[in-house]
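Novice: Each chain, written out:
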Amino acid sequence: DTEVTQTPKHLVMGMTNKKSLKCEQHMGHRAMYWYKQKAKKPPELMFVYSYEKLSINESVPSRFSPECPNSSLLNLHLHALQPEDSALYLCASSQGLKGTGGSIYEQYFGPGTRLTVT
Amino acid sequence: KNEVEQSPQNLTAQEGEFITINCSYSVGISALHWLQQHPGGGIVSLFMLSSGKKKHGRLIATINIQEKHSSLHITASHPRDSAVYICAVGNQFYFGTGTSLTVIP
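Protein chains in written order, with our numbering: chain X, 24 to 141; chain R, 4 to 108.
Since the hints were made in silico from the structure, they are not lab data. Among these hints, one or two may not hold up.
Counterexamples of contact, computed for chain R against chain X with all Cβ distances above 10 Å [stated by the list, open to error]:
| no. | residue |
| --- | --- |
| 1 | Ser10 |
| 2 | Gly43 |
| 3 | Gly60 |
| 4 | Leu62 |
| 5 | Ile89 |
| 6 | Thr105 |
| 7 | Val106 |
Here are the simulated EDC-like cross-link-like pairs (lysine to aspartate or glutamate), alpha carbons at most 20 Å apart as the crow flies [to be verified]:
| no. | chain 1 | residue 1 | chain 2 | residue 2 |
| --- | --- | --- | --- | --- |
| 8 | X | Lys63 | R | Glu18 |
| 9 | X | Lys64 | R | Glu20 |
| 10 | R | Lys56 | X | Glu129 |
| 11 | X | Lys41 | X | Glu129 |
| 12 | X | Lys63 | R | Glu20 |
None of the values given here were measured: they were computed from a predicted structure. Backbone N, C-alpha and C define an ideal beta-carbon position, used for all residues, glycine too.
Hey, can you work out the whole structure from these sequences and the hints?
Specialist: Laid out in structure tokens, this is it:
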């Protein structure tokens, strides 16, 4: 199984709502990532978890709260979002992280959740 | 300054043409990744390479670590190759700006 699944596929939420995005993989990967992608732009890294611990937080606003309850599951909790947070949110996983010099592990991406904040 | 530069940004080709997309980077790396993103969002990893050349079907990727440059070639292009092609480097996956390819029948 080389699949990363994400739910929901689409989400529309108001600025006062609280919602969560879910990502799951069963490849035994120990690194999981959240990316945000605006239209016609490359993905931007938000968070990286390694062995279920937050390894990288790319100065993401606190209205985005990641959680990694176990090695297969990654959540992104959303609260009090702004319309400019509307984007495609992509999850990915890889076997691990390399410490220096760059990632030698292939990343597997989920299909994404298209989020619209009204 | 973006650590990863791609060219061209947009490319339109006739079916059957040979296509080259270039990627230059400024950071030291162990490996470079080429990714494909179709309209609708899904990203697929095409290649991960740290030296030389890799081939998969009609796709060929090359890298020159000394010159910090990689190319992705598509031979005998087909309309189903139409997608955005992205190179990515580094531990935190610095992404290039992407090349939007359209192959016309």
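Novice: Does each hint hold? Answer for all of them.
Specialist: Structure-based check of each hint:
1. The Cβ of Ser10 of chain R sits about 14 Å from the closest Cβ of chain X, beyond the 10 Å cut-off, so the non-interface label holds.
2. With a least CB separation of 8 Å from chain X, Gly43 of chain R falls inside the 10 Å interface cut-off, contrary to its annotation.
3. Non-interface call for Gly60 of chain R relative to chain X: holds, since the shortest CB-CB distance, roughly 17 Å, exceeds 10 Å.
4. The claim that Leu62 of chain R lies off the interface holds: its Cβ sits roughly 15 Å from the closest Cβ of chain X, which is beyond the 10 Å cut-off.
5. Under the 10 Å C-beta cut-off, the non-interface status given to Ile89 of chain R relative to chain X is violated; the minimum distance is some 6 Å.
6. With a least CB separation of 14 Å from chain X, Thr105 of chain R remains clear of the 10 Å interface cut-off, as annotated.
7. With a least beta-carbon separation of about 19 Å from chain X, Val106 of chain R lies farther than 10 Å from that chain, consistent with its non-interface assignment.
8. Distance restraint check for Lys63 of chain X and Glu18 of chain R: the Cα-Cα separation of roughly 24 Å exceeds the 20 Å cut-off, and the hinted pair is therefore not satisfied.
9. As the CA atoms of Lys64 of chain X and Glu20 of chain R are separated by approximately 26 Å, the hinted pair breaks the 20 Å bound.
10. Distance check on the hinted pair: Lys56 of chain R and Glu129 of chain X sit about 17 Å apart at the alpha-carbon level, within 20 Å; holds.
11. A threshold of 20 Å between alpha carbons decides the hint, and for Lys41 of chain X with Glu129 of chain X the separation of about 33 Å lies outside it, so the pair is violated.
12. In summary, the hint linking Lys63 of chain X to Glu20 of chain R is not supported, as the alpha carbons are separated by about 25 Å, beyond the 20 Å threshold.
Hints 2, 5, 8, 9, 11 and 12 from the earlier list are contradicted by this structure; the remaining hints agree with it.
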